[in-house]
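Number of protein chains: 2
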Amino acid sequence: MGMKLYGTNTTNVQRSILPILEAEVDIDDVLELEFVDLLKEEQKSPAYLAKQPFGLLPCLEDGDFILYESRAIARYFAEMYQDQGVPLLGKSLKERATINQWTEVESQTFNPVVAGMAVESYISGASKRPLNEAIINMGLAKLKPVFDVYETQLSKHKYIAGDEYSLADLLHAPNINYLMTTLKTEAYGNYPCVLAWAQNITSRPAVQKVVELNAKWLKQQTP
Amino acid sequence: MGMKLYGTNTTNVQRSILPILEAEVDIDDVLELEFVDLLKEEQKSPAYLAKQPFGLLPCLEDGDFILYESRAIARYFAEMYQDQGVPLLGKSLKERATINQWTEVESQTFNPVVAGMAVESYISGASKRPLNEAIINMGLAKLKPVFDVYETQLSKHKYIAGDEYSLADLLHAPNINYLMTTLKTEAYGNYPCVLAWAQNITSRPAVQKVVELNAKWLKQQTP
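The listed protein sequences derive, respectively, from chains B and R. For what it's worth, my numbering labels the leading residue of the first sequence as -14, then goes sequentially. For what it's worth, my numbering labels the leading residue of the second sequence as -14, then goes sequentially.
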C-alpha cells in the first residue's frame, strides 16, 4: 500500500492506472482508490483543490508526492514498473520518439474528438437523461479524418507506433474501448485495420481489469 | 547537417527546436529549415502529406526517420543532447513525473487557450487584415483561471515544475513569448509571479535565437 488515486469511472482515470495492470502487479497491493463524485462536484471542494488546483481527475498521492494529469501519472507508473511485464517506453532514442509522436497524436488529435462523446455518454448515463445525439454525431464526423490516418498506419503496423505494443496504444485504450462498447459500427465500420487494432488492444487482460474496476466505481456512485 | 525541419514562423515550430538551442549547438550545423507556406496551403500538398499525414507543421526528417508533433520533436532533441547545455528532463523518477505533469498542463490546458489567440494573430498579420478582437478577449478570459493556478505555483517555485529550468518551461516559452510581445499588460497584469517567470524564460539566449529565426522565416514568406 502507500499510494492513493482520487478518481471515478472515466476514461481519464482508467488511462492513468493501466501501466500498473500491464506490469502484472496486483493493483490492490499498491494503490488505494478514493472515489470522487463528479455529480456532487467533489472535485471542486477546497480539500481536493489543495491537491489538484485545476479541479480535474485523476490525482495521485504517493506519500508526500502529489501528481496529476492522467498521461503524466501513466508515464510515472510505466517508468516505475519498466522492468516488469510488457515494456511500454521504447528501447532506442528513435523508438521512444515515435512512441512520443503517437502519444501526442492521442492527446492533441484523437482525444479532443472522443472526449466530448465520452463525457456526454458519462453525464447522460450518470444523470439518467437521454443522450444528446448531436454531440455524438459531430464527434463521429470529426473522428473520420483521424481514423483515415490511423487506417493507413495500422495497415502497415500491428500497433499504432510500430510492431510492438507501447504506451501509445495504452493511452488510446480507454477511449478506444468506449467506442467499441457504445459506437462500434458507427466508429469502426469503414476501418477494418483500426477495428482489428481496437479488438486487439481492448482484449488485453489489463484493459479487461480496468473495465471491472470501472464497474466497482459505478457501484460506489449509485447509492 | 543531415536533419531537415519543415516549418514556418509559428510557436509550434519554435517549440520543436528550442532544445537544440538550449544545448548550445549551432543549429545551422545540424538542421536545415525548409519553409512551408501555410497561406499557400503547402502543408496540404501530397508531397508534404506523405511525410505528415495530418497536414500539420512542424515535421522533422532525420535521414529515413520522420517525426512529427512539436512536443515529440522537442523531446527527441532534449534526449539527443541531454549531456550538453542545461538538463531538461529531470534526474529522478519523481522529478521527471513533475516535469511531465507540467508539460501535460501546457498541452492540455495552457496551449488550447493561447493557441487560438496566436493563430488569430498569425493569420491577421500574414493576410494583413485587422485582428478579430473577440477571439483575443475570449482567450484572455479563459487564460485567467489558468494563470490563477500558475501564480500560486510560481510564488513558491522559480520555474513551473520546481526550482530548476526544465522541458516544462521550454514548451511554454514560445507562447509565453507571444503573450509578452503582443498582450503583456492584458495577460500578465494581475500576475506578478507569472510575469517574472515569463520575463525570465523569454530572456534566455535560446528563446532570443528562436525569435531571430522567426524573423528569417517571416522574410522568406514575404516576397
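Just so you know, these hints were derived from the structure itself, not from any lab. Every value quoted in this text rests on a predicted model; they were computed, and no experiment measured them. Watch out, some of these pointers could steer you wrong.
Each pair may be met inside one copy or between any two copies, as identical chains are not told apart.
To be verified - Derived BS3-like pairs: lysine-lysine, alpha-carbon spacing no greater than 30 Å straight-line:
(1) K79 <-> K113
(2) K76 <-> K36
(3) K141 <-> K113
(4) K141 <-> K201
(5) K141 <-> K(-11)
(6) K36 <-> K143
(7) K79 <-> K(-11)
(8) K204 <-> K143
(9) K204 <-> K194
(10) K204 <-> K76
(11) K(-11) <-> K169
(12) K36 <-> K79
(13) K36 <-> K141
(14) K76 <-> K25
(15) K201 <-> K76
(16) K113 <-> K169
(17) K25 <-> K143
(18) K79 <-> K141
Comparing the hints with the structure gives:
1. Taking identical chains as interchangeable, the C-alpha atoms of K79 and K113 are never at most 30 Å apart, the minima being 47 Å within one chain and 41 Å between chains.
2. Taking the shortest Cα distances, K76 and K36 sit within 30 Å of each other only across copies (24 Å), while inside one copy they are farther apart (34 Å).
3. For the homomeric pair K141 and K113, neither the shortest alpha-carbon distance inside one copy (42 Å) nor that between copies (43 Å) is at most 30 Å.
4. Taking the shortest Cα distances, K141 and K201 never come within 30 Å of each other, neither inside one copy (38 Å) nor across copies (38 Å).
5. Proximity of K141 to K(-11) under the C-alpha cut-off of 30 Å is restricted to the inter-copy arrangement: shortest distance 25 Å between copies versus 40 Å within a copy.
6. Taking the shortest alpha-carbon separations for K36 and K143, only the inter-copy value of 20 Å comes in at or below 30 Å, while the best intra-copy value is 39 Å.
7. For a Cα distance limit of 30 Å, the shortest separation of K79 from K(-11) across copies, 16 Å, qualifies, whereas the shortest one inside one copy, 34 Å, does not.
8. In this assembly of identical chains, the alpha carbons of K204 and K143 never lie at most 30 Å apart, being 36 Å within a copy and 44 Å across copies at closest.
9. Proximity of K204 and K194 under a CA criterion of 30 Å is satisfied intra-copy only: 16 Å inside one chain copy versus 56 Å between copies.
10. In the homo-oligomer, the alpha carbons of K204 and K76 never lie at most 30 Å apart, since the shortest distance is 40 Å inside one protomer and 41 Å across protomers.
11. Taking CA atoms no more than 30 Å apart as the test, K(-11) paired with K169 passes in neither setting, with 34 Å inside one copy and 40 Å between copies.
12. Only between protomers do K36 and K79 lie at most 30 Å apart by alpha-carbon distance; the minimum there is 16 Å, versus 36 Å within a single protomer.
13. With identical chains, the CA atoms of K36 and K141 are at most 30 Å apart between copies only, with a shortest distance of 15 Å across copies and 43 Å within one.
14. Taking the shortest alpha-carbon separations for K76 and K25, neither the intra-copy value of 44 Å nor the inter-copy value of 39 Å comes in at or below 30 Å.
15. For a Cα distance limit of 30 Å, the shortest separation of K201 from K76 qualifies neither inside one copy, at 36 Å, nor across copies, at 37 Å.
16. Proximity of K113 to K169 under the C-alpha cut-off of 30 Å is restricted to the intra-copy arrangement: shortest distance 22 Å within a copy versus 46 Å between copies.
17. Within a single copy, K25 and K143 get their C-alpha atoms no closer than 42 Å, and across copies no closer than 36 Å, so neither meets the 30 Å cut-off.
18. In the homo-oligomer, the alpha carbons of K79 and K141 lie at most 30 Å apart inside one protomer (18 Å), although the nearest pairing across protomers, at 36 Å, exceeds that limit.
The structure fails hints 1, 3, 4, 8, 10, 11, 14, 15, 17 (numbered hints given earlier, in ascending order).
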